[in-house]
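Please construct the entire structure, taking both the sequences and the accompanying hints into account.
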Amino acid sequence: MKRIFTFFFTLSIFAMNFAMAQNTKLTGKVVSADDGQPLPGVSVSIQGTKQGVLSDGDGNFTLTASVGQVLAFSYVGFTGQQITIPAGALPVIKLKSDNHMLSDVVIKDSYGTQAKKTYTGSAGVVKGAENENKPFSTFQQALQGEIAGVNVQINSGQPGALNQVRIRGINSITSAAAAQPLYVIDGMIVNGGADLTQRAGGTLSPLAGINNNDIENITVLKDAAATAIYGSRGSNGVIVINTKRGKSGKTEVRFDAEGGISSNLPLPDAGKPLTPDQYRSMFNEAFVNSGQYTAAQITALGTSYGLNSAGNNWYDLVTKRGSQQQYNVSVNGGNEKTRIFTSAGYFTQDATVLKSYLKRITGTLNLDHTVSKSFSIATNLNVSSINQNAPLQGSAYYSSPLASAYFLRPFQLGYNADGSINSSVTGNANFPTSSNSNPLYIAAHDVRGINNVRLLGAQTIKWNIWDQLKYTGYASMDYQTNEETSFLNAQMGDARSLNGSGTSQYSRYANWLVRNQLDYRYNIHGVEDFYVDASVGYEAQKSAGYLNTAYATGYPLTQPTLTAVGNAATPATASESTSNYTFDALYARANINYKNRYSLSGSFRRDGGSRFGTDKQYGSFYSVGGAWNIDGEDFFKKQNILTTAKIRSSYGTTGNANALANYQWRPTAGYGFNYNSANGQAYNTVGNPSLTWESSKKFDIGVDFGFFNDRLLFNVDYYNNKVDGLIQLVNIPWESGFGATQTSQAQNVGALQNKGWEFTVKGVPVKTKDFSWNVNLNAAYNANRMTKLAQNNQVNGNYWLANNYDYYTYYTRAYAGVNPANGNALWYTDAGRTSTTTNYSAAARVPYGHADPKITSGFSNTFNYKGIILALDFYGNFGNRISDSWSYYLNDGTYITGANKYQYTWLNRWTTPGQVTDVPKNVYGGGSSSNSSSGSTRFLYYGDYIRLKNVSLGYDLKNLDVVKKCGISKLYLYARATNLWTKTYDKRLPFDPEVPINGYNTEDIPQIRTITIGLNVGF
Amino acid sequence: MKFNKLLYILLAGTATLTACKKSFLDEQPSTSVTVTESIKTTNDLADAVNGMYNVMKATTLFGRDIPVLGDLLADNTYVNVTNSGRYLLENNYQFISTTTEPSNIYSRAYFSILQANRIIYEGKKLPASDDNNQLIGEAYASRGLLYLELVNWFGAPYTVNPTASGVPIVTTPSYVSGFSVKTPRATVSAVYTQIVSDLDSAYAIMPTGGTSFHAINSDYIAKYAAKAIESRAYLYKGDYANALTAAKLVVDNGQYTLAQNASAFTGFWANPAAQTGKLETIFELNQNASSNLGNTGLDAIFSQAGYGDIQATDDLYSAYTATDLRRTLMVSGLRGGQQAWIINKFPNYSNTDKDETKIIRYAEVLVTLAESYARTGDEANAKIYLNQLAKVRDPSFAGYTSTGAQLITDILNERRKELAFEGLRFFDFTRLNLVINRPKQAYGYVSYPTVSISDYHRILPIPQSARDANSALTQNPGY
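Quick mapping for you: the protein sequence lines, in order, are chains A and B.
Per the working numbering, the first sequence starts with residue 604, numbered consecutively.
Per the working numbering, the second sequence starts with residue 6, numbered consecutively.
You may find that some hints are simply not true.
[Unchecked claim] On the chain B side, residues computed to face chain A include the following (Cβ under 8 Å):
| hint | residue |
| --- | --- |
| 1 | Asp-31 |
| 2 | Glu-32 |
| 3 | Thr-65 |
| 4 | Val-86 |
| 5 | Ser-89 |
| 6 | Val-175 |
| 7 | Thr-188 |
| 8 | Asn-291 |
| 9 | Tyr-448 |
[Stated by the list, open to error] Here are the simulated DSS-like cross-link-like pairs (lysine-lysine), alpha carbons at most 27 Å apart as the crow flies:
| hint | chain 1 | residue 1 | chain 2 | residue 2 |
| --- | --- | --- | --- | --- |
| 10 | A | Lys-962 | A | Lys-730 |
| 11 | B | Lys-129 | A | Lys-1219 |
| 12 | B | Lys-27 | A | Lys-1219 |
Just so you know, the hints here were simulated from the structure itself, not pulled from any lab data.
Yeah, the Cβ is synthetic: ideal placement off N, Cα and C, and Gly gets one too.
As structure tokens, then:
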């Protein structure tokens, strides 16, 4: 009821203002000529007078003038324009940008469009055009390196995999999903940060259905002024995707095609598996060195392990050449009243590992229609259909193809002599244990597919109630279904002991959001160019997840096509559950802008959520920000080095609701505790009615400079994020019932801090008649440290969890190298490294390095010489250590019979007294170094690398006569290569340096290199 | 002005949505219910009792850890040199305050007590009825049983020091009392008071004939099952007069019977299902085809088709006569290529329906009664009940005729032979404060041959992590 009053009160204020408004007035609209997007903050003045206004968030302006007067439009980065006021309605003013790089003149989020000039927040914008046609299966892959402070880890080469994105460091430690940013598509807050399903070993990003070619721009919101409006979900930063919209004028038809091949990224020399000959030598040497075996025994062992055969190269057997294709067609056109953008796309990518692929069909229809002077509607519709197959990946799985390449001995033969796939499970030359399977057989018999269909639709209604007051109604639905089939064969692999297993899963997520918003613009009376833009709105969202699973074991052994669950002998699991959440928010935002020179902003959001415990179900979040465009000052005009200069700063609070699982706070009695075939319930979820969002206090200060008529823009930001109330499981008194055997209570107890600097240089440093060079160089430095923990100084798996340490600080024994006298491995017994020991258990564990990078950097260049365009995009990652989940098995001779080994360990092993090396003597069983390959600083490699992510070279043939005659306005032919070159800084590193954020390589599906040729045709 | 009308409608709509009911944020999970709303009917109460039994039958409690340790720490079993790495610290008497099994027993017992507390707390809010009384009684009896386990594992024997620290007594569910309550350890004597009180409460309210929810069936605690557990509690307490009374009530009124011949005996142990005719078992936890411990149960640690780590000692095997039916529950087999006495008391490991987890059997009540008579001076009656058991187990046996200390020894030996592999042997040593002589086995993992009466290992350590969470918890001496 109180809220109703608030609305009527607000309404009455608007009404009074209406009564004072003038009658003789003009209204108009300013848009960008390039993309038809409205331009806010354009200065509109009547020549010869001091009268003038600034356009609002939709590019609209209103002013009092008479026919025949001249209106002048000016806007930074755009060529000015003048028109004489005609009798009747003003035409739409289209401003042309005066260079190519200043596309990010507006920041468009769910709640409106703001001019970058007066924006007080920190946000980065990437134009969609930059990433069109790139052979990346998800937009996050393309985003890597494009915006300072956005760390994208392409941790799996599985096409469509969920990439780990961290904005300004790791801001939540509850889970990987809890640290992902919030994703917004055309105003809709989507489910985008967590893997679609809980399917072990598989990964499909819920946003894999987004086609890069449909993206107008991606805006990354980083600080409080930018994210606090998203309230309890803004703390990890927000990635806003705005899709392309139609523009009036000539209808443009585009056709893009790109295709080519994909191949393996070359393995580092240190990490190539041993050849059969090398393995045989290492095997024999290890047994000889052990001193426990006679020559005859070693020969017999060798025979039993099949060492007399030619062997095979598993890495070559499990990898292959893949292919890559995409086709996109789009139509963009319309008139002042109705505009349309529609597209269709097909994308297919094969990874270079057996049975790893993605096929995607996408379609988009975006409509804008002006119903009348005061009404307009907009419709967004995006559909996608994905078919992905992903082998079980990561070394936790026996059938993971890349893990097999290392874990299988070269003398376990993939093929029988007759060319058929070896399925024998007896004898050491075959696959006798379930932890040792023939990946070729697995690839031929297992199915691990997912079909994902997504429908993302939104409808917007705008009503200009009167000049200053506007209503926006918005409703959106994000609807996804996933059908998953997983079949593991009975003969070998992870389900051998179960005689085969099959899982059928269906999940559906229906996520809707409605929003009602009023925008009010107030020109402070008597003060020229002094505006207040205020918005107030209400938003409600509900995501309803429905999941069911059928799992059964015991499949017919020799009926490979009968993979459906119904064929199994033993039904094991049938489950159905829902996973819902709701949010309910009231929000407001205001900007005060004086002459585009000084601006102040404030935002407020009151958020309620179903994930929050009843004791703290509603929270308030706010931000304040200010910006000073120094270039508006008179004294600034006395120098001519800088063309623009701006200082901005903000402070505010946001939250992280993604650290909470649905229903987690509820103390509940679960069913399924059945007894004697009767229903049973037990109080098994402790719950915590005080459990609530993790809260973040963000401070940001930044400066933006423009040189050479803004051809070069420099940007520096400093930030300090303090996250409080981190959710951790707390050891509560066991007598409560929730001790070691139960999941403990989650509480908001921890705290951490991310501080850092971001630098960006963007622009066109060189521009002549025939040649131009476009550059985007950015770098971000981040320091993460824990400041409060449920339990300080504790071992957290492989890491050391303690105050003032980075969250991912390794905790391991310090390797002291190899004793040159006898080849034994040595470790330090203490953190001070004063003495060494050959006894691994006696060595001290110490905090050492950390997994998350200190610096991430991107360097993109586009060179254009007479229409020949060369693009080069580099990505760099520095200041972290990375490790290997299975170093234990893949190094040294201790477990020579258990797995193949890395080249480095063979080539650098200690062999002669006096030899200085870091690889101990090759001894089966390890001798006095039996734990030599157990985790230690020896296996913490430098994670620094620079990668040439993308290079393309092309030429536009549009000027050829024959092309022109066909009415073709663009005919661009190019060749492209991705991941062509990678520079690493550790010669011992045996794997690709791009690993998950936790620093551990798990022999996942590797990234690929693609070589493609492409064609863009425009009509 | 139709626009104005529209405006009002829109604003009204906005306001309505804004005034969205609180229920919009009230999302309920689909596989669980809010704990305070979980028991509203007798049917809910029965579900909760089932849930409690399900929790109790876990590997970390009665399902494996308790019965294994009860024999392994004494002289009935050992871990073979060929093993899967389980129970080595207990086999070697090397357990410390962070060792897994004591930690799990402590944690899981309180988790089970939480379920019992909840049933009692919520059940009392329901109208009194036979059905409700039966169910609440089962929770009381279970709680008594759980505290009896806790105090015997983690506290000094009552017979040695009744004022020593026992375990914390919690009788209110934690969602009512709060999760941060740091309850200190009560004395052993206070814990026994609670145990007797719980078992008396159960006995008092439970209907004799069971109810439609839980007909007399060994999978559920019946009225005389509560009394049977009480007889054990009094025996452990050294209160033989009360042990006698309790056991006598069960024998006279419980209508339980022993298997009367070899085929009935063999059939009884081979049967994985619950007893409906009051044969042998008074209470056991159900492990049926649809809900069992898979390869982590007691059967799996004994069966050579499972982990098969633990075998019977030669010393135990030789305690039986050749005609003793109970000797057939051990078979000579090979472990790591060497002869071993493979325990076959729970033979259904390879079946989908597994052996029920035995908690208390009629035979135990008989030997408890015999011991109570003997210790209260009525040797004639002691021998009557002892021989009732001994003669039926060994058809060739003429019966005990001993007196005095020998009679007590005979009773204890009979108790050992009858209850082997059911996890009770250790407590016969601790309650009587006897040195444990653990026979050396040729292929036993490591030997710790003598556990003197001053050995601190006779009481398990309070888990370190439980002490981290509850600063009021003191540690047992020696750890």
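Hint check results:
Interface hint at Asp-31 of chain B: satisfied, since its Cβ lies 7 Å from the closest Cβ of chain A, which is below the 8 Å cut-off. Nearest Cβ of chain A to the Cβ of Glu-32 of chain B: about 4 Å, under the 8 Å cut. The hint holds. Contact between Thr-65 of chain B and chain A, as hinted, is supported at the beta carbon level, the nearest pair being about 5 Å apart and thus within 8 Å. Hint on Val-86 of chain B is violated. Least Cβ distance to chain A is approximately 19 Å, over the 8 Å limit.
With 8 Å as the threshold, the beta carbon of Ser-89 of chain B stays out of range of chain A, its nearest partner Cβ sitting at about 16 Å, so the hint is violated. Interface hint at Val-175 of chain B: satisfied, since its Cβ lies 5 Å from the closest Cβ of chain A, which is below the 8 Å cut-off. Taken as an interface hint, Thr-188 of chain B checks out: its beta carbon lies about 5 Å from the nearest beta carbon of chain A, inside 8 Å. Because the closest C-beta pair between Asn-291 of chain B and chain A is about 4 Å apart, less than 8 Å, the hint holds.
Checking Tyr-448 of chain B against chain A: minimum C-beta separation of about 23 Å lies over 8 Å; hint violated. For a cut-off of 27 Å, the pair hint linking Lys-962 of chain A to Lys-730 of chain A stands: about 25 Å separates their Cα positions. Our distance criterion of 27 Å between C-alpha atoms is broken by Lys-129 of chain B and Lys-1219 of chain A, whose separation comes to about 31 Å. Simply put, Lys-27 of chain B and Lys-1219 of chain A have alpha-carbon atoms about 13 Å apart, close enough for the 27 Å limit, and the pair holds.
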